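Single-letter residue listing:
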Amino acid sequence: MAATAETIQQVKELGDRYKYGFSTDIESDMAPKGLSEDIVRFISAKKEEPEWLLEWRLKAYRHWLTMPEPEWAFVDFPQIDYQDAYYYAAPKTGDKPKSLDEVDPKLLETYAKLGIPLREQEVLAGVEGAPKVAVDAVFDSVSVGTTYKKQLEAKGIIFCAISEAIQTHPELVRKYLGSVVPAADNKHSCLNSAVFTDGSFVYIPKGVRCPMELSTYFRINQENTGQFERTLIIADEGSYVSYLEGCTAPMRDENQLHAAVVELIALDDAEIKYSTVQNWYPGDENGKGGIYNFVTKRGACRGRNSKISWTQVETGSSITWKYPSCILQGDNSVGEFYSVAITNNRQQADTGTKMIHIGKNTRSTIISKGISAGRANQTYRGLVRIQPGAEGARNYTQCDSLLIGDQCGAHTVPYIEAKNSSARVEHEATTSKISDEQLFYCRQRGLSDEEAVALIVNGFCREVMRELPMEFAVEATKLVGISLEGSVG
Amino acid sequence: MDSTAEILLERFSGDADTDRTAARDRFRDAGLPTPKQEAWKFTNLRPLAQFLDARTEPANDSRPAIPDTLVDGAYRVLIIDGRIDGDLSDAGIDGLSLAQGSGLQADTDSGRALRDLSIAMADDGLRITLDANATPPRALELVFIGTGSRSGGHHFTLEIALGSNSALTVVEHHLGSNAYAATLATDVRLADGARLRHVKLQDESTEAFHLSDCAVEIGRDASHERFVLSVGSRLARDEVHVALNGQGSSVRLLGAYAGRGQQHLDHTTHIDHAVPNTSSHEVYKGVLDDRSRGVFQGGIRVMKDAQKTAGHQLNKALLLSRQAEIDSKPALEIYADDVVCSHGATAGEIDEDALFYLRARGIDAQAAKSLLVQAFLDEAFDGIADEGLRERLKDRVHGALQLEGAAHG
Amino acid sequence: MLKIENLHVEVDGKEIIRGLDLEVPKGEVHAIMGPNGAGKSTLSYTLAGRDGYTVTDGRVTFQGRDLLDREPEQRAADGLFLGFQYPVEIPGVATLTFLKTAVNAVRRQRGEEEYDAMQFMKLVRGKAKDLNISDEMLKRPVNVGFSGGEKKRNEILQMAVLDPAFCLLDETDSGLDIDALKVVADGVNALRGPERGMLIITHYQRLLDHIVPDRVHILAEGRIVESGDKSLALELEKKGYASFGSDRAA
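In order, the protein sequence lines correspond to chains A, B and C. Just so we're on the same page, my numbering is the position in the first sequence counted from 1, plus 332. With the first letter of the second sequence counted as 1, position 244 gets the number 242 in my numbering; the numbers rise by one all the way through. Just so we're on the same page, my numbering is the position in the third sequence counted from 1, plus 9.
The set of hints was computed from the structure by calculation and includes no laboratory data. Note that the structure is predicted; figures quoted are calculated from it, not measured. Backbone N, C-alpha and C define an ideal beta-carbon position, used for all residues, glycine too. Any given hint could turn out to be false.
Covered, in the sense of this in silico footprint (three residues per stretch, anywhere, with C-beta under 8 Å from a C-beta of chain A), are these stretches of chain C [what the hints assert, rightly or not]: (1) 53 to 65; (2) 82 to 91; (3) 195 to 201.
Could you build all of it, start to finish, from the sequences and the hints given here?
Written out as structure tokens, the structure reads:
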């Protein structure tokens, strides 16, 4: 079935706007409420971490106390009470499950309901003929299971929870953790460094092309719980990996904080493709509840001819603050950022990227498509910096914004700093509304207002959508229609 | 309050003018802007402070040479080191009146410290008013000459108020020698249907600082065209804030800049579309050689309910040397949906293919380069209606960049 | 089938259609000819239900039912197809996707089973071939970068696939060379049938050499000033619009 037709059907079928809004009734092991050195020690102890990591966390925590909240983004929310949240919540499972068969059935059921297969041989999102996907499922603060581990191990690929990697591959973790996003980078990354609980770890050895998509699925379940996952992906020389990340959370009236850090490292000739479909609970139409998605994602193209490509479809969260970036150190390295961000109702998003060109002949492409509806406000914020040594660097940036309705806002704030004359930087941005001509044309062919908007918006986003792996593209296309429901007429 | 602000304000103890007091208080609170402030991220005023210090010894004390007019037959007012030179006898002709003095208010909560500084420290000011329906056949040319002979810099305020359906051309020519700091705060108010062409040549001494802040309010069906050419100064900032307050109003901002040596040339513009059916069009072209640095910050804001807005903005920079730098920040802030807005920014060197093509046709490398640079800049000059003025300005920029084919140095 | 009585339409407060009467029975092809500014496009947009075309008086019935209170997509589902004079570009949406979405939207509104991918492809392939439309063209975004001829062929393809009860063709011949005109005319003629009505709006007679109408009406200053058989078109070609009560002759 064509993706757009499916979108429309999906919109029709959905009685409820946010279908992932259910919560799982499961007993949890929680840290006491609030944040202190003791909580940091508690988390580290729970994870049975080595001393160096505890010290690293504590240093980050102490620094965090001194840092001001970032205030430059176009987002508006009441001050966060960091003491009014839990920093650790894990489903009580007694002993750690040794295999997927031992995982609590309630958890398996939750993921099944979300369309995430925790049984091997199944595929994501019910798309027939889709390639295999290995999944690491993170539930509140812990990873509950990783699939296809054996098959991946045979190729020397490490794909596991980061808490596990700390135990099993401490040398890799110690070498790379915080090497792309230093703990003190910003207030949110600093908090993450102090209290991160789990997340995924990936290492692709030299010359290995990862035979399947790797995927992490993040789920916030507990009330008043922050999620602070940490993802670290290392692609050794000449390797390739495609990594997918999905997120959902129950509908709750209070705001929940999600402050993740993702670090990518690509060595010589390596390529990392990182795709996100972010669908955290966005809050209701009056702006009540929803996730604060304050995420620091950064990739370092350390090696020659390396490539890092970020693709994101951001439809959820009440506030998104996120700038997946590339540091192009290696000569001839390539950075890409493809983004679709949809804000509706009272959602706010301030998102974009940074491309830092350091190496010679480095290239970057930025394609950003923003759609703002309802009373939402959205900002593209981006930096392209050409350092003096980046001979022959190239950047092309295109930012298009679409407005639906006269109560929303769309803003574009690019920074372009060129310090090398042999570099070429091009930036284009447009803002407009859906044209009446297009809407009428579609309606004359039988489409309703909402169907027409979903179709036109999907067309508007196509350059980004086609960068997504197939199984994600289908889900993302559906999300476009769902996210804009109620925005017309 | 920082020490610079303190030193500056010593000059004004005992001044009873309330507007100036307000500006002074606000400047005292804000101090000189620093790169920590978003609006000053790319331009650091630290070296300016000593030139504002009234205790610094003057460098020179001779009467400057007066240049030819840029527009043939223009009315002319001379402003030497921030003071009007001679009388304003031309006033009263063709509905135009000129009055000495400053009436600029520091009543907006703009956070524009430089504007407050100019108003607080103004040595003199000029008010230009034009009657409704008046269309003087001659342009008004303001010649600002800096000699470096006054300590503490020179500071001036300018008011331009056009009555409904009137039309005027105002030309500013800034030039000078030696080191000094010149600040200028300008208010422009265009009544319904008024048209103002404003051309500014910033050709200050390359040891000087030039800091100008211009606020423009445009009424219903009124239009404003502004062209700025920046070739002078060691550090210059040309800041324009436009408010399209009347339906059917429009603004065109054009700019060209040529940086050499260690010049720092900053162009900062902000356009507010406050009501429906307004349009803005902005083109800035810059050529940067040696170790010069260009800054372009362009903001377009479309307010809620300002439907049917068209806003377009373009900044292109050509880097002629490896050490030159351009920083661009073209921002859109949009709160209405029925709009067509865009911006573009490019940075790069001369197109090698084009250069080769010209050389293959027998044009030597230097001439080919000159030709391409001139062609690159031309787009910004196209908006200057007066042909004589346009050619004089083109000659000036070609001379500044030492391009071949320039008729005058 | 389509009955228009005393229709008055305003655009931006200006009356463009001023008391138009017209009836097209099923099985017949009628042509409306008129000079620029006569109200031809206003008539077609009004019938299709575009915003901004305000009916101030009169009524229109389609298949015995009031047309004017229906939404544009409902009129499409009722079987009213408008071939646009200027087909609209929709970037990023493949022609095939668009077609399938439209067909199934119409079928759903009619309470019919939606086509699956196989059925749909079979339906489209055959009709596309007749109109000389390649698979490559079907993959391109709707009308984006299409030539004038391609756009018009795409309109006729959509018409063939949607299988409407009534076809309203607004200046379908504009911008076509003679070969493209023939392809388009063949496509239209293939859809003629005893159950289907057609109203062809055109400025020039030449389209009517290829699609021969049962009746010809002349529209001037917002109303029908003359009706007759196909010979009226030839007469018009000879005498010009001036002799038919219009002061804005072409």
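Verdict on chain A covering the segment 195 to 201 of chain C, criterion of 3 CB contacts below 8 Å: This one is violated; 0 residues, fewer than the three required, reach chain A with a Cβ under 8 Å.
Given coverage of the segment 82 to 91 of chain C by chain A, tested with a Cβ cutoff of 8 Å and a minimum of 3 residues: holds (count 6)
Count the residues of the segment 53 to 65 of chain C with a beta-carbon closer than 8 Å to any beta-carbon of chain A: does the count reach three? holds (count 4)
Hint 3 from the earlier list is the only one contradicted by this structure; the remaining hints agree with it.
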